[in-house]
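Chemist: Sequence:
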Amino acid sequence: MRHQRRRLTAVAVAVAVIAALAAACSSAPPGPPVLTWYINPDDGGQAEIAARCTAASGGRYSIVTSTLPRQASEQRQQLVRRLAANDSSIDIMSIDPPYVPEFAQAGFLAPMPPAVEAAAREDRVPSSVEASTWQGRLVAVPFWANTQLLWYRKSAVAQMGLDMNRPVTWDQIIQAASRARTQIAAQGTRGESLTVWVNALIESSGGSIITNVGEENPELVQLGLNAPPGLEAARVLQTYGAAGVAPPGFPTSDEDTNAESFQSGSAAFMVNYPFIWGKAKSAVEEGTLPQSVPDDYGWTIYPQTLPDRPSAPPLGGINLGVGAFSNHPDLAYDATTCITSPENSAYYFVSNGNPSSRISVFSDPEVVAEFPMAPTIRDSLTQAAPRPQTAYYAEVSGGIQRTFHPPDAVVPGPTNEAATALITAVLRKEALL
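Quick note on numbering: the sequence shown equals residues -22 to -1, 1 to 411 in mature numbering (1 follows the signal peptide of the UniProt record, and there is no 0).
For the record, the hints were derived by calculation from the structure and aren't laboratory data.
Since the model is a prediction, treat every value here as computed from it, not as a measurement.
Take the hints with a grain of salt, since some may be wrong.
[As the list claims (entries may be wrong)] Calculated cross-link-like contacts (lysine to aspartate or glutamate; reagent style EDC-like; alpha-carbon spacing at most 16 Å):
#1 Lys407 <-> Glu197
#2 Lys407 <-> Asp386
#3 Lys257 <-> Asp274
#4 Lys257 <-> Asp232
#5 Lys259 <-> Glu348
#6 Lys132 <-> Asp273
#7 Lys257 <-> Glu26
#8 Lys132 <-> Glu108
#9 Lys257 <-> Asp286
#10 Lys259 <-> Glu238
#11 Lys259 <-> Asp234
#12 Lys132 <-> Asp274
Construct the complete structure from the given sequences, taking the supplied hints into account.
Modeler: Right, here's the structure in full:
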């Protein structure tokens, strides 16, 4: 009995200690809410901005970052899985623009306060606002906006008779490259970059992949792939493939491999994002590339599909969404205002090479000093067209990647019909990708 009483006494003491510790913890002042920002991989810029905005909050919140996979489709997949499970840990998320409608339609984004919406529209390139909008409402905050330029080697083009101070068409550069027996580096791999190319060609012809954007019923989505702009886009791809100007391994070439082709001089032309400028400058600093190579880089607006119509360059970048199940949506939206401030946007452009969605940043002296093509990027973003605004973007893009690949085997008419049939069947749940 004596041993039993001792055991009971020991248990009572332990319970009392635990209770006292719990009471002490509960009476301690809680720390500021921690906001988790799910980011796409970069060179550390978003983590630095998170630290800056934590300091600027004055103790109201702190921001930690969690890195998503590299591919946009995999980022979407991870976020959708967690949000479908009402994950409250997702306070802020970096979203690739074409997936914004899907997230909004699914109820994954917290309603945006009017004051935040007004601020998010200020000083923004129109294409980034359009890509952040669903059903007439701004549902995400434009962060950075990317676009492709037409890059060219000045020494090679000087002998081709092209005036690169004026808009040029795809047909013009294809003919010039063919005569000079050089290449045009473009993204031919079966991936999102192929949809980007097809969409830019169609939009530049005055058409749209989806003609009734915003339609919520997948069975009623109408496609414009068989319309004249879609056929014109297919003709450009066919012409490109038949001219022999594609780089080696074209059906698997992506932005990085094309940057290498252009940097080596094997391609005199390239359509690509501004990261290629920073890539060349870094190589110069590392001593693996002579300064004469980036000195030979020229740039201009994305090629026109039609000679009498301005091009509609690709639009990329990142928009910021606030999770619908966040415990602190108001603080998260406050944080997005800090993240996308002019100062942080200019820092992110200079440090990570990601252009801002803010118009004013393109005239920032530090930005222009680091990226002399900043005015051209701004003009390109002004003309840029988003990919189809639809809650079913993954299905539409997947169908285009299946049927327009390899791009050098595209046949105007049959390819368009095959894409239309596949995407329509997938939307009606009659087929799988």
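Chemist: Would you check the hint for lysine 132 and aspartate 273, treating anything up to 16 Å between C-alpha atoms as holding?
Modeler: 9 Å, holds
Chemist: For lysine 407 and aspartate 386, compute the direct alpha-carbon distance and say whether it is at most 16 Å.
Modeler: Not satisfied, since the Cα-Cα distance of roughly 30 Å exceeds 16 Å.
Chemist: Just to be careful, I want the Cα atoms of lysine 257 and aspartate 274 compared with a cutoff of 16 Å; is the pair within it?
Modeler: 14 Å, holds
Chemist: Would you check the hint for lysine 257 and aspartate 286, treating anything up to 16 Å between C-alpha atoms as holding?
Modeler: 34 Å, violated
Chemist: So if I understand the rule, the pair passes when the alpha-carbon distance is 16 Å or less; does lysine 259 with glutamate 238 pass?
Modeler: 13 Å, holds
Chemist: For lysine 132 and glutamate 108, compute the direct alpha-carbon distance and say whether it is at most 16 Å.
Modeler: 34 Å, violated
Chemist: Is the straight-line distance between the alpha-carbon of lysine 257 and that of glutamate 26 16 Å or less?
Modeler: 21 Å, violated
Chemist: Given the hint that lysine 259 pairs with glutamate 348, does the C-alpha gap stay at or below 16 Å?
Modeler: Holds - the C-alpha atoms of glutamate 348 and lysine 259 are around 10 Å apart, at most 16 Å.
Chemist: Given the proposed pairing of lysine 132 with aspartate 274, does the C-alpha separation stay at or below 16 Å?
Modeler: Measuring from Cα to Cα gives roughly 5 Å; hence the hint holds.
Chemist: Verify the proposed pairing of lysine 257 with aspartate 232, using a straight-line Cα cut of 16 Å.
Modeler: Holds. Lysine 257 to aspartate 232 sits at ~15 Å (cutoff 16 Å).
Chemist: Starting from lysine 259, check that the Cα of aspartate 234 is at most 16 Å away, please.
Modeler: Given that 16 Å is the threshold and the Cα spacing comes to 15 Å, the pair holds.
Chemist: Holds or violated: are the alpha carbons of lysine 407 and glutamate 197 at most 16 Å from each other?
Modeler: 9 Å, holds
Against the hints set out earlier in the document, violations occur for numbers 2, 7, 8 and 9.
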